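This is what each chain is made of:
Protein chains: 4
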Amino acid sequence: MAEEGINKRKTEHIRICLTDNVEGVNKSTGLEGISFIHNALPEVNFHDIKLETRFLDKTLQAPFLVSSMTGGSEMAAEINRNLAIAAEERGWAIALGSTRAILEGDKHQDSFLIRKYAPTVPIIANLGAVQLNYGYGADEAQKLVDLTEADSLYLHLNSLQEIIQDEGDLNFEDLLPKIEEVCKQLTVPVGVKEVGFGIDGTVARKLHDAGVAYIDVSGAGGTSWSQVEKLRSKDPLRKAAAEAFNNWGIPTKDCIVSVKNNLHQVPVVASGGMKTGLDAAKAITIGADMIGFARTLLQAATESAEAVNRVMEQIEFELKIAMFGIGVKDLKELKNTNRVEIMGKSLLEG
Amino acid sequence: MAEEGINKRKTEHIRICLTDNVEGVNKSTGLEGISFIHNALPEVNFHDIKLETRFLDKTLQAPFLVSSMTGGSEMAAEINRNLAIAAEERGWAIALGSTRAILEGDKHQDSFLIRKYAPTVPIIANLGAVQLNYGYGADEAQKLVDLTEADSLYLHLNSLQEIIQDEGDLNFEDLLPKIEEVCKQLTVPVGVKEVGFGIDGTVARKLHDAGVAYIDVSGAGGTSWSQVEKLRSKDPLRKAAAEAFNNWGIPTKDCIVSVKNNLHQVPVVASGGMKTGLDAAKAITIGADMIGFARTLLQAATESAEAVNRVMEQIEFELKIAMFGIGVKDLKELKNTNRVEIMGKSLLEG
Amino acid sequence: MAEEGINKRKTEHIRICLTDNVEGVNKSTGLEGISFIHNALPEVNFHDIKLETRFLDKTLQAPFLVSSMTGGSEMAAEINRNLAIAAEERGWAIALGSTRAILEGDKHQDSFLIRKYAPTVPIIANLGAVQLNYGYGADEAQKLVDLTEADSLYLHLNSLQEIIQDEGDLNFEDLLPKIEEVCKQLTVPVGVKEVGFGIDGTVARKLHDAGVAYIDVSGAGGTSWSQVEKLRSKDPLRKAAAEAFNNWGIPTKDCIVSVKNNLHQVPVVASGGMKTGLDAAKAITIGADMIGFARTLLQAATESAEAVNRVMEQIEFELKIAMFGIGVKDLKELKNTNRVEIMGKSLLEG
Amino acid sequence: MAEEGINKRKTEHIRICLTDNVEGVNKSTGLEGISFIHNALPEVNFHDIKLETRFLDKTLQAPFLVSSMTGGSEMAAEINRNLAIAAEERGWAIALGSTRAILEGDKHQDSFLIRKYAPTVPIIANLGAVQLNYGYGADEAQKLVDLTEADSLYLHLNSLQEIIQDEGDLNFEDLLPKIEEVCKQLTVPVGVKEVGFGIDGTVARKLHDAGVAYIDVSGAGGTSWSQVEKLRSKDPLRKAAAEAFNNWGIPTKDCIVSVKNNLHQVPVVASGGMKTGLDAAKAITIGADMIGFARTLLQAATESAEAVNRVMEQIEFELKIAMFGIGVKDLKELKNTNRVEIMGKSLLEG
Ligand SMILES: Cc1cc2nc3c(=O)[nH]c(=O)nc-3n(C[C@H](O)[C@H](O)[C@H](O)COP(=O)(O)O)c2cc1C
Ligand SMILES: Cc1cc2nc3c(=O)[nH]c(=O)nc-3n(C[C@H](O)[C@H](O)[C@H](O)COP(=O)(O)O)c2cc1C
Ligand SMILES: Cc1cc2nc3c(=O)[nH]c(=O)nc-3n(C[C@H](O)[C@H](O)[C@H](O)COP(=O)(O)O)c2cc1C
Ligand SMILES: Cc1cc2nc3c(=O)[nH]c(=O)nc-3n(C[C@H](O)[C@H](O)[C@H](O)COP(=O)(O)O)c2cc1C
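Chains as they are written, first to last, in full-length UniProt numbering: chain A, 1 to 350; chain B, 1 to 350; chain C, 1 to 350; chain D, 1 to 350.
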């Protein structure tokens with residue numbers, strides 16, 4: 001697909017994500033099956049609650065990540081700038097949308113260069129893993145990291161998105177050894193993420209064995225690419241297929257549990273349908289180390305850095321309320337709380 | 001927050017509770033999971049059914065309590081008067097809304113002085129437990145009890161309400177020893193209550209070990225403070241947070257079961273979402289000793305003592321119907337009935 | 001209550017049952033949890049399917065009963081006539097509404113004298129069991145049977161109906177020995193029925209031990225007296241109580257199973273919410289011997305005997321279809337079929 | 001019923017199936033209880049995925065079948081032509097609607113002669129099994145096969161349809177030995193199908209023992225004949241009966257599982273409510289060998305062969321997407337995948 005075409009598609013994606021219902025049908029993250037058990041006597045001072053954490057060898061003010069969204073257009077430049085400024089202000093990590101455009105000499109490649117707005121927080125560059133079957137390798141990956149001054153690289157897995165969207169790059173054969181090669185060569189740690197259909201423990205284990213440093217599950221329950229394509233596509237075949245698959249994907253909650261069961265020590269980023277700090281609190285309770293937000297930040301990102309900052313503040317506030325509500329004062333205590341009921345089973349009452 | 005501000009807020013609370021939907025979203029008391037097994041041959045005379053019980057060393061005509069609501073304004077004075085007259089007429093206990101205003105020399109402090117309307121039934125004064133971290137202690141508590149001629153004092157726990165409402169008094173650290181001190185010093189027994197998010201058995205045990213005489217669970221499923229604040233607040237941060245927490249809290253049914261499992265002998269007041277005498281019957285069957293009604297009485301309380309009396313009569317009548325329906329003739333038999341199905345498990349069929 | 005009052009009430013009941021929604025709220029018979037497992041190769045000739053059965057020492061053309069509804073007014077006379085003629089034509093049993101009015105010399109007592117319209121089928125007279133505490137005994141019962149030329153007497157248990165309706169005759173104490181006395185004295189067998197709240201196995205066993213020959217469960221899921229009273233009553237206390245109890249009662253399915261578990265040999269009449277021949281088939285599969293229909297026949301009964309006959313034919317046709325669908329050719333085979341799934345458990349697959 | 005009458009009825013069926021809601025009430029195939037577990041790293045090339053399979057000794061391009069629908073009228077001739085041309089183009093098998101009309105010398109018997117449009121793919125002729133009790137036998141069956149140049153014969157079982165529709169041919173007694181006779185005599189293999197109420201394993205086993213070569217379950221969850229008759233019939237008795245049975249039938253998913261549990265080696269055709277290639281993928285995962293589509297193709301079949309071809313392409317595309325989504329590259333791998341969750345139980349996580 002020509003560069004022009006990709007940019008048009010990406011702009012349409014943003015527009016549709018801003019205005020339409022792009023959630024899967026009868027699909028949720030599964031986090032509604034988790035509820036905290038209120039602690040009427042919290043025995044903490046709300047003002048002492050701490051959200052600090054470490055990620056990619058840096059200290060963050062909160063366990064939060066701006067998930068990969070965009071780059072490669074004028075609108076994208078604006079969005080990325082706003083996200084980066086706010087991320088720096090609030091001490092969040094930030095991931096870029098697919099940075100492949102840089103390698104292809106895109107005229108809007110500046111849109112990816114956000115280090116000037118976010119001098120201290122972790123930045124994560126991004127490349128479609130499938131591109132390793134289409135001419136890209138460790139050298140190009142390193143180039144992306146260098147140009148964006150990133151602390152890490154995301155390889156994203158997006159098989160279903162590719163097929164529903166344009167039958168573009170559909171050869172996912174033998175990717176694993178190539179991912180391994182990139183992990184070996186790169187000067188920064190490599191994370192792997194999905195784009196909304198989820199990564200389970202079996203796949204995560206293979207990826208970790210290949211050298212992947214952390215997993216971003218990006219599960220189902222949030223932005224659904226089959227839904228986006230149903231709204232965008234004009235090809236009846238694809239429109240109908242998108243409709244048929246509106247329920248596809250592993251719910252984010254199931255991804256987290258499955259990955260944690262398989263890989264106890266590897267950092268897990270929970271993303272896909274995260275909307276509030278309460279969602280974040282639940283995900284942390286079942287094993288997530290970091291929480292990624294994509295669409296939840298999109299509207300504000302088209303407005304201003306201040307607007308993004310306000311949404312971020314909101315999310316942090318809600319996470320703190322949840323922690324206050326069960327009486328824990330830092331993330332470690334939150335991870336280990338028994339004041340939680342998972343699918344009707346209370347950890348407190350046993 | 002200035003006195004004027006508190007009064008304004010309290011009046012808004014009443015107004016919102018009277019006119020809007022203030023129940024949590026997808027949240028219920030859990031009592032709908034309990035159903036009685038009709039006894040076609042009750043073998044009792046309806047007219048012999050007795051509701052009498054003992055509470056705070058007095059005999060009540062029914063196991064019912066007017067839950068803490070208000071005080072400290074003109075409207076509150078009227079409400080409290082109506083509630084008190086009706087409570088006396090029907091032999092219910094009555095609790096006051098937070099009486100802290102008395103200590104601060106509020107001009108409407110007369111609104112709390114209801115002993116003249118309710119000379120014989122138990123009156124319970126009320127203070128926010130968190131105030132023990134903000135300058136109040138056993139002496140002030142005793143003063144409240146003395147001024148209101150109360151038979152007992154409620155310390156209410158309202159962490160989530162405080163945070164969603166105004167980030168006022170948020171230091172809940174080390175409250176337990178202070179509660180213990182109050183229990184030790186006070187001339188009357190101290191009860192602890194929540195305000196709608198519920199107390200579980202673990203917390204109840206700690207409180208009881210500290211000297212608390214009885215527990216009012218005030219669980220989720222009735223008036224929801226996150227909902228009230230969502231409607232009241234003008235601050236978008238708080239409004240959104242209130243929305244995110246519209247599902248928070250331990251359902252009243254779960255509170256009762258959990259507290260009873262942990263504290264077999266301690267009196268439990270079931271409140272939070274109690275609407276009918278049938279709700280009361282269910283709560284008693286799973287362990288409650290007293291049933292508290294707040295919002296269910298509010299509308300009538302703004303009208304007249306007669307209106308309150310009629311709602312109370314209604315509730316008593318319904319409790320008797322339930323007892324007749326299963327063929328028991330006093331509260332002891334009700335507590336021990338096996339004509340009940342709890343979450344699909346029949347105690348009768350085993 | 002004066003005779004005039006009773007008649008007025010009964011006429012209102014009929015009118016409300018004809019025009020309004022009188023089913024309980026979120027209440028069903030439970031039969032929807034039973035489904036037959038279609039037999040694609042039934043290996044029977046539809047025209048050979050037999051519905052014949054024995055009841056009260058007579059042969060019926062189908063295992064069906066016109067449940068107790070009415071008597072004692074002009075409208076009732078018409079209804080009873082139509083029901084009786086159709087029952088005779090189709091070989092159904094027929095029960096009368098409460099026949100107490102006869103004893104009190106009601107001017108419409110002719111309305112109960114249906115033997116002339118139904119010379120051969122079983123007729124069941126009817127008296128409120130609670131009347132045994134209010135001056136009636138075996139002699140009066142025998143008189144009812146004699147006057148109506150009945151084959152049996154129903155004693156109906158209606159505690160909840162009485163209390164919600166008028167607090168009339170509410171002394172249900174020590175009824176059992178009096179029921180025993182009636183059973184002993186009467187020249188015909190005595191059955192006991194509820195009126196829509198259900199009889200469970202424990203109560204059924206007591207009744208059987210007292211000499212009751214068969215049990216009509218009349219469970220919840222059909223006509224709900226709390227609903228009828230909610231619509232009829234003008235007294236706000238009763239209206240609200242009726243509302244609170246709109247979910248009360250043991251679902252018909254649970255009654256049948258419970259009674260059969262306790263009394264293997266005693267005939268069980270399933271009534272309460274029976275609408276179609278498919279409902280009947282399900283009830284038979286779980287143990288019912290006879291199926292009673294009240295409100296399902298009411299509309300037609302106000303029209304003509306032909307209209308009633310058509311509804312009866314409809315029900316028989318549906319029962320036969322169900323039997324054809326699973327490939328059984330008589331009621332004995334239906335009772336023993338394993339082509340049924342009960343609450344998700346298939347008897348066929350084990 | 002006269003020939004004219006049958007044709008009229010069949011045309012009405014088509015019209016109703018095209019325009020009205022003809023699905024059962026609260027009835028589904030059960031396939032919604034199956035979900036695939038997305039494989040984020042599929043390790044296959046989408047373009048290598050193969051759908052080829054063998055059926056009736058021929059190679060098909062996809063495991064798909066045009067289910068029996070029609071014949072015997074002008075409209076039917078057009079429909080069958082379009083279906084046949086498209087089936088040939090895409091390499092699907094195709095079954096005819098009941099071909100009994102041929103034997104009765106129907107004037108539209110040409111409508112069944114589709115071999116000229118579909119020279120290479122398997123064609124299946126069709127006869128109501130119950131006709132074996134009404135004068136037809138192996139000779140007539142052979143004649144149908146010969147005239148239609150079919151590779152196989154379907155005997156369809158349609159007891160419930162017959163009874164709800166017209167009480168026509170309702171003697172299903174002793175059909176089994178006659179089916180056995182047909183299987184023995186015929187020069188081609190015999191399959192048995194239902195018409196939407198489903199075949200379970202017990203029945204399938206009997207049929208297989210009698211010589212039936214394959215089973216088409218045609219379960220509930222798709223076109224419901226009780227629904228069709230409810231809309232079509234003018235006889236109130238039948239209309240009401242159809243309504244009462246709107247929930248009858250074994251869901252397609254349950255049929256497949258039950259038949260496979262009983263007959264491990266016998267080919268199973270899954271039909272009844274199959275709408276997408278994703279449905280097909282699910283059915284294959286639980287044991288189906290072929291997937292049949294009736295109503296899903298009907299609208300297109302009234303338009304043109306190209307329209308049918310497009311729907312078929314759609315279905316194939318969706319099946320491939322599902323296979324890509326879990327990372328399998330042929331039907332054998334699909335059948336054996338553990339990337340599936342059945343009724344909440346994950347085969348992957350155990
Ligand atoms: C507008 C938009 C653009 C996106 N672009 C990318 C991308 O270029 N690369 C990528 O890995 N993920 C991309 N994603 C996926 C997100 O990173 C995330 O995995 C997914 O949206 C689920 O999270 P959410 O429910 O919070 O939106 C995009 C998401 C959105 C909403
Ligand atoms: C208008 C209103 C004011 C209240 N004020 C107080 C209060 O001052 N102190 C307190 O402990 N609880 C207060 N409550 C909480 C109630 O005592 C009770 O715990 C809660 O409302 C749940 O019960 P309900 O569902 O019956 O309303 C108030 C409740 C209402 C509706
Ligand atoms: C209009 C009407 C009047 C009834 N009157 C009597 C009665 O006099 N005696 C009695 O035992 N049951 C009476 N019943 C109760 C029925 O016999 C039956 O137990 C109950 O209605 C449940 O059955 P259904 O759901 O088929 O209506 C009456 C029911 C109706 C609808
Ligand atoms: C319009 C129409 C006509 C049908 N005619 C026949 C028929 O003649 N013989 C037969 O065996 N099945 C017939 N069927 C049943 C189908 O073959 C199939 O078993 C059933 O419709 C369920 O599949 P579906 O949900 O995909 O429609 C017909 C179905 C339809 C929709």
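Keep in mind that the hints were calculated from the coordinates and are not lab data. Note that the structure is a prediction, hence the values are computed from the model and not measured. We put the CB at the ideal spot given by N, CA and C, even for glycine. Just to be clear, a hint being listed does not mean it is correct.
[To be verified] Simulated crosslink set (EDC-like; lysine to aspartate or glutamate; CA at most 16 Å straight-line):
no.: 1; chain 1: B; residue 1: Lys239; chain 2: A; residue 2: Glu316
no.: 2; chain 1: C; residue 1: Lys275; chain 2: D; residue 2: Glu173
no.: 3; chain 1: C; residue 1: Lys329; chain 2: D; residue 2: Glu173
no.: 4; chain 1: B; residue 1: Lys275; chain 2: C; residue 2: Asp169
no.: 5; chain 1: A; residue 1: Lys50; chain 2: B; residue 2: Glu52
no.: 6; chain 1: C; residue 1: Lys239; chain 2: B; residue 2: Asp151
no.: 7; chain 1: B; residue 1: Lys178; chain 2: A; residue 2: Asp209
no.: 8; chain 1: D; residue 1: Lys239; chain 2: C; residue 2: Glu313
no.: 9; chain 1: D; residue 1: Lys329; chain 2: A; residue 2: Glu316
no.: 10; chain 1: B; residue 1: Lys275; chain 2: B; residue 2: Glu316
no.: 11; chain 1: B; residue 1: Lys329; chain 2: C; residue 2: Glu243
no.: 12; chain 1: B; residue 1: Lys116; chain 2: B; residue 2: Glu173
no.: 13; chain 1: A; residue 1: Lys239; chain 2: D; residue 2: Asp166
no.: 14; chain 1: C; residue 1: Lys178; chain 2: B; residue 2: Glu173
no.: 15; chain 1: A; residue 1: Lys184; chain 2: A; residue 2: Asp209
no.: 16; chain 1: B; residue 1: Lys206; chain 2: A; residue 2: Glu43
no.: 17; chain 1: A; residue 1: Lys275; chain 2: B; residue 2: Glu43
[Said to hold, decoys possible] Calculated from the model, a selection of chain B residues having no Cβ within reach of chain C, i.e. all distances over 12 Å:
no.: 18; residue: Lys8
no.: 19; residue: Ser35
no.: 20; residue: Asn39
no.: 21; residue: Glu43
no.: 22; residue: Val44
no.: 23; residue: Glu52
no.: 24; residue: Lys107
no.: 25; residue: Asp139
no.: 26; residue: Gln142
no.: 27; residue: Leu278
Each hint tested on the structure:
1. A C-alpha spacing of about 15 Å is found between Lys239 (chain B) and Glu316 (chain A), which places the hinted pair at or below 16 Å, so the restraint holds.
2. Between the alpha carbons of Lys275 (chain C) and Glu173 (chain D) the distance comes to roughly 30 Å, so the proposed pair goes past 16 Å and is violated.
3. A threshold of 16 Å between alpha carbons decides the hint, and for Lys329 (chain C) with Glu173 (chain D) the separation of about 11 Å falls inside it, so the pair holds.
4. This hinted pair does not check out: Lys275 (chain B) and Asp169 (chain C) have alpha carbons roughly 28 Å apart, beyond 16 Å.
5. Between Lys50 (chain A) and Glu52 (chain B) the CA atoms are separated by roughly 51 Å; this puts the pair beyond 16 Å, and the hint is violated.
6. Distance hint between Lys239 (chain C) and Asp151 (chain B) is unfulfilled; the C-alpha atoms sit about 36 Å from each other, more than 16 Å.
7. At most 16 Å may separate the alpha-carbon atoms for a hinted pair to count; Lys178 (chain B) and Asp209 (chain A) exceed this at roughly 54 Å.
8. Simply put, Lys239 (chain D) and Glu313 (chain C) have alpha-carbon atoms about 13 Å apart, close enough for the 16 Å limit, and the pair holds.
9. Annotation: proposed proximity of Lys329 (chain D) to Glu316 (chain A) is violated, straight-line Cα distance about 45 Å (limit 16 Å).
10. About 11 Å separates the Cα atoms of Lys275 (chain B) and Glu316 (chain B), which keeps this hinted pair within 16 Å; it holds.
11. Pair hint Lys329 (chain B) plus Glu243 (chain C) does not hold up; C-alpha atoms about 23 Å apart against a cutoff of 16 Å.
12. Distance check on the hinted pair: Lys116 (chain B) and Glu173 (chain B) sit about 38 Å apart at the alpha-carbon level, beyond 16 Å; violated.
13. This hinted pair does not check out: Lys239 (chain A) and Asp166 (chain D) have alpha carbons roughly 42 Å apart, beyond 16 Å.
14. Of the supplied pair hints, the one linking Lys178 (chain C) and Glu173 (chain B) is violated, its CA atoms being roughly 66 Å apart against a limit of 16 Å.
15. The hinted pair formed by Lys184 (chain A) and Asp209 (chain A) meets the criterion: a straight-line CA distance of about 12 Å does not exceed 16 Å.
16. For the proposed pair Lys206 (chain B) and Glu43 (chain A), the alpha carbon gap of about 12 Å is at most 16 Å, so the pair holds.
17. Between Lys275 (chain A) and Glu43 (chain B) the alpha-carbon distance is near 57 Å, which puts this suggested pair outside the 16 Å criterion.
18. The beta carbon of Lys8 (chain B) sits about 34 Å from the closest Cβ of chain C, which is more than 12 Å, so the claim that it is off the interface holds.
19. Annotated as non-interface, Ser35 (chain B) brings its C-beta within 12 Å of a C-beta of chain C; the closest such distance is 7 Å.
20. The Cβ of Asn39 (chain B) sits about 6 Å from the closest Cβ of chain C, inside the 12 Å cut-off, so the non-interface label is violated.
21. Look at Glu43 (chain B): its CB is around 6 Å from the nearest CB on chain C, not clear of 12 Å, so calling it non-interface is violated.
22. At roughly 6 Å from the closest C-beta of chain C, the C-beta of Val44 (chain B) falls inside 12 Å, breaking its exclusion from the interface.
23. Every CB of chain C lies more than 12 Å from the CB of Glu52 (chain B), the least distance being 19 Å, so the non-interface label holds.
24. Separation of Lys107 (chain B) from chain C is adequate, the least Cβ-Cβ distance of about 38 Å exceeding the 12 Å criterion.
25. At roughly 45 Å, the least C-beta separation between Asp139 (chain B) and chain C is larger than 12 Å, which holds for a residue marked as non-interface.
26. Distance to chain C confirms Gln142 (chain B) as a non-interface residue, since its nearest Cβ pair spans about 41 Å, more than 12 Å.
27. Remark: the non-interface label on Leu278 (chain B) conflicts with the geometry, its nearest Cβ contact in chain C lying 5 Å away (cut-off 12 Å).
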